[in-house]
Every structure is written in structure tokens, then in C-alpha cells.
Amino acid sequence: MTTYRISNDVDEDYWTQTKAYRFDFDDQTLVESSSVVGSESSEATIDEVLGLSGSASSGARVAQSLDEGLAESVVSAQIDECLQHMKSQETSVGSKRSPQHVINSLSKGIDIDLHEYKGKEDKLELLDTALHTNEGNAIISVVLHLKRTTKDSIFNYELSRRSLAADHYLFYLRQNKRMTELVDTLSMLGRHEEAAITAYSQAIACRDIDTKVHNLKSCLRNHFTSGGNDCIFWNNYISEQISLLELQLPIESDDRRQEREGHNQLFTQTQRTPLIDLPVLSTLYYCCLFHYCLSENHLASPKAICKAFYLSDQQFVWTALSALAQTRQWLQIDTLFEYKSWLGNKRLKCCIGFDKVVLLLHRNGAPLEVLNKYLQTIDNLDTKFNLAKEMKHLELAIDQEIGKN
Numbered sequence: 001m002t003t004y005r006i007s008n009d010v011d012e013d014y015w016t017q018t019k020a021y022r023f024d025f026d027d028q029t030l031v032e033s034s035s036v037v038g039s040e041s042s043e044a045t046i047d048e049v050l051g052l053s054g055s056a057s058s059g060a061r062v063a064q065s066l067d068e069g070l071a072e073s074v075v076s077a078q079i080d081e082c083l084q085h086m087k088s089q090e091t092s093v094g095s096k097r098s099p100q101h102v103i104n105s106l107s108k109g110i111d112i113d114l115h116e117y118k119g120k121e122d123k124l125e126l127l128d129t130a131l132h133t134n135e136g137n138a139i140i141s142v143v144l145h146l147k148r149t150t151k152d153s154i155f156n157y158e159l160s161r162r163s164l165a166a167d168h169y170l171f172y173l174r175q176n177k178r179m180t181e182l183v184d185t186l187s188m189l190g191r192h193e194e195a196a197i198t199a200y201s202q203a204i205a206c207r208d209i210d211t212k213v214h215n216l217k218s219c220l221r222n223h224f225t226s227g228g229n230d231c232i233f234w235n236n237y238i239s240e241q242i243s244l245l246e247l248q249l250p251i252e253s254d255d256r257r258q259e260r261e262g263h264n265q266l267f268t269q270t271q272r273t274p275l276i277d278l279p280v281l282s283t284l285y286y287c288c289l290f291h292y293c294l295s296e297n298h299l300a301s302p303k304a305i306c307k308a309f310y311l312s313d314q315q316f317v318w319t320a321l322s323a324l325a326q327t328r329q330w331l332q333i334d335t336l337f338e339y340k341s342w343l344g345n346k347r348l349k350c351c352i353g354f355d356k357v358v359l360l361l362h363r364n365g366a367p368l369e370v371l372n373k374y375l376q377t378i379d380n381l382d383t384k385f386n387l388a389k390e391m392k393h394l395e396l397a398i399d400q401e402i403g404k405n
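First residue of the sequence shown: 1, per UniProt numbering; consecutive thereafter.
Hint data in this document are derived by calculation from the structure and do not stem from the laboratory. Take the hints with a grain of salt, since some may be wrong.
To be verified - Below are the PhoX-like pairs computed for lysine-lysine, each with C-alpha atoms no more than 20 angstroms apart in a straight line:
| hint | residue 1 | residue 2 |
| --- | --- | --- |
| 1 | K373 | K392 |
| 2 | K212 | K177 |
| 3 | K147 | K118 |
| 4 | K120 | K147 |
| 5 | K356 | K307 |
| 6 | K307 | K346 |
| 7 | K349 | K389 |
| 8 | K303 | K349 |
| 9 | K120 | K151 |
| 10 | K120 | K108 |
| 11 | K373 | K349 |
| 12 | K373 | K346 |
| 13 | K373 | K389 |
| 14 | K340 | K392 |
Throw the hints in and build the complete structure from the sequences for me.
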């Protein structure tokens with residue numbers, strides 16, 4: 001015998017209806033009782049009431065046979081079932097995954113939302129798990145999450161306790177050219193020398209000279225004012241670099257104006273290279289090339305530059321000789337070597353050796369009389385003869401050979 005039950009979810013209005021039904025065991029149908037006055041007989045199979053029939057016609061018959069209250073109660077039951085299913089899905093999604101599962105996913109390149117790790121200890125556990133795997137992508141993902149979701153003081157403290165995490169974070173900052181954060185993080189970690197060199201590299205990378213000078217002064221003030229011998233060396237070096245840039249700016253500005261107006265013939269005879277950002281010896285060479293005759297109280301004077309940057313006599317003589325030989329200012333070369341004796345006589349003296357002078361002049365196409373003049377100042381006869389042969393000047397070589405005999 002088959003038992004049929006009517007759902008308890010049927011709306012209360014249904015049970016207060018005035019219609020009465022009886023069950024016919026012969027054909028398994030619900031039949032409206034004939035005792036109800038003025039009501040018409042209607043029948044619906046049990047399958048149709050329970051919604052087991054999938055046909056459109058059966059659905060229509062069920063809708064016609066059931067009253068409005070019963071239909072609403074069935075829909076309400078289905079909605080409740082859907083809501084329960086959705087709640088179970090939310091619970092499943094919202095449950096926190098294990099740190100190892102998250103790190104494994106990050107290592108495989110799977111994008112995972114880490115915001116379910118809200119507590120400090122949970123975040124640190126996740127970070128330590130990532131460090132244990134030594135997987136760079138996972139480590140930097142967790143470090144960045146920690147950076148975004150914690151106070152700077154907490155982040156800095158925890159990062160300083162984990163050198164591997166710090167190295168990955170520093171590499172990330174360097175690769176993404178976040179130089180200010182990189183310098184600050186290095187300083188926070190106590191890596192002051194590395195922070196100073198990084199700040200210096202950032203300062204000199206600027207193309208605008210005024211901005212570069214400002215950045216160098218800031219770098220000098222913040223990173224090179226205290227420390228050991230290395231810091232003192234860098235302090236002096238950067239200070240001189242700033243002074244050199246501040247010297248080059250007005251010289252370059254004035255030379256550009258003279259070149260435009262055609263006041264200096266050397267600018268038309270020799271191609272001028274911009275002076276800005278050249279090293280000190282190149283700056284000296286530039287000034288010897290275009291401003292050799294200026295007095296020492298002028299910014300562009302070669303002697304003034306030597307004095308300002310403590311250049312040696314050898315550095316000055318070799319640089320000036322190279323510049324004067326290139327521009328073929330042979331008469332000016334004598335001023336490099338002339339000096340007065342105690343008796344007031346003019347003599348020639350060279351701190352770099354006249355043999356080097358002769359070779360340099362020969363390479364720049366000096367006239368024979370100029371070469372011979374400085375060749376005669378060499379005391380060693382063998383050196384004279386060998387130089388004359390090397391320069392392939394037979395007359396000079398013969399003269400030197402005769403002098404030997």
C-alpha cells in the first residue's frame with residue numbers, strides 16, 4: 001500500500017479553505033467533496049499535485065487545480081531551499097585556506113586574494129611559510145600584502161627580522177625604480193652605505209643640472225655627513241662635484257652666447273663640446289682649448305681651475321700642452337715651460353720631461369723648428385737621437401749623431 005503525504009509547508013490559508021477533499025483509493029485521486037454547496041467537482045492526480053509531471057499541459061492542469069495559496073507555499077519552499085544553498089556556498093568560500101595551500105597556489109602563478117588573512121599573526125604565519133619555500137613570487141606577494149595592510153612601524157620591524165624577505169622587497173623596489181622607498185628601506189634596515197650610494201646614483205641620474213645640484217646637496221647632507229674614512233672620501237668627492245657643476249654652468253652659458261654671436265674665433269675653428277657634466281680634467285682641457293689666455297681671476301681660467309680643484313703641475317702641463325698642440329698655438333707653448341733664473345734669464349723647464357713634449361708635438365704636426373727647439377733641451381744624447389729617428393726626421397737625427405761625436 002502506497003502512502004501519500006501532503007507537505008507541511010502548505011500555506012495556512014489552504015487549511016482554512018471551505019472546500020473539503022476525499023481520497024479515492026481506486027484511482028488514487030483527490031476528489032472535492034459533494035457536500036460543499038455550490039462547488040464544482042475538480043480532480044488532480046497525486047503526481048500533478050507534487051509537480052512530478054514535466055509536461056506543459058500537466059503544469060497547466062496543476063495551476064488550474066491548485067488554489068493560489070498552495071502555489072505560493074510551494075514557491076516559498078523552493079526559495080527557502082535556494083537561500084539555504086547560497087548560504088552554504090558562502091560559508092565554503094569564506095572559510096580561510098591553509099597558509100601552505102595559499103603559498104603553493106602563489107608559487108604556481110595563481111592569483112589569490114590574501115585579505116582573508118586579517119590578523120597580524122595570520123599574516124606573519126603566511127610570510128614565514130612563504131620564506132620556508134624560498135619561492136620569490138610567493139614571498140614578494142605576501143610582503144606586499146603585509147606592507148599594504150599593516151602600520152609602517154610593524155612592517156619595518158618584521159621585515160628587519162627576516163633578511164630574506166627584506167632582500168626580496170629591496171629587489172622589487174629596485175626593479176620597479178621606486179628609488180625613494182628603496183633608500184628609506186635601506187636606511188631603516190641599517191644598510192647606510194648602500195643607502196648612500198643608491199641616493200647618490202639617483203641624484204646624478206637627473207639630466208637637469210640645477211635639479212642635479214640640488215639632489216647632490218641633499219644627498220651629501222643626508223648620507224655623507226658622518227661615518228668612517230669611506231664617508232669622508234665620498235664627502236670630499238661629492239663636494240667637489242657640486243663645485244665643478246656650479247663652475248660649469250656660468251662658463252657654458254657665456255660660451256654659448258659667444259658662439260652664437262661669433263665673438264670667439266676659436267669656436268668657429270674648433271668644434272665645441274658642451275662643458276656641462278664633464279669631469280675636472282676634461283673641464284681643464286676645455287678651458288685650455290678656448291680660454292688659455294684668461295687671467296686667474298676669471299672663472300674659465302685654467303690656472304683658476306687648477307687652484308680650485310688642487311690639480312698638480314703635471315696634470316696642468318700635460319692637459320694644457322695637449323690643448324695648445326691641437327689648436328696649433330705653438331707660441332703659447334713656450335709659456336708652459338719658461339721661467340726666470342736667479343739672474344733674470346729665461347730658461348725652459350718641464351715637469352713631465354721634454355721627451356714626452358717632443359713626441360706629443362710630433363703627433364700633432366708641429367713644425368720642424370719647434371720640435372728641434374725642445375729636442376735640444378734634452379740632455380741625454382742617445383735619447384735625442386732615438387727620438388729623432390722615431391719621428392723620422394733625418395736632419396735632426398744627423399745633427400744629434402754629429403753632436404755625439
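Hints, verified against the model:
1. K373 - K392: It holds: about 16 angstroms lies between the C-alpha atoms, which stays within 20 angstroms.
2. K212 - K177: 18 angstroms, holds
3. K147 - K118: 13 angstroms, holds
4. K120 - K147: This hinted pair holds, its Cα atoms lying about 12 angstroms apart.
5. K356 - K307: It is violated: about 24 angstroms lies between the C-alpha atoms, which goes past 20 angstroms.
6. K307 - K346: 25 angstroms, violated
7. K349 - K389: Not satisfied, since the Cα-Cα distance of roughly 24 angstroms exceeds 20 angstroms.
8. K303 - K349: 18 angstroms, holds
9. K120 - K151: Roughly 11 angstroms between the alpha carbons, so the hint for K120 and K151 holds.
10. K120 - K108: Given that 20 angstroms is the threshold and the Cα spacing comes to 25 angstroms, the pair is violated.
11. K373 - K349: 13 angstroms, holds
12. K373 - K346: 14 angstroms, holds
13. K373 - K389: 16 angstroms, holds
14. K340 - K392: 33 angstroms, violated
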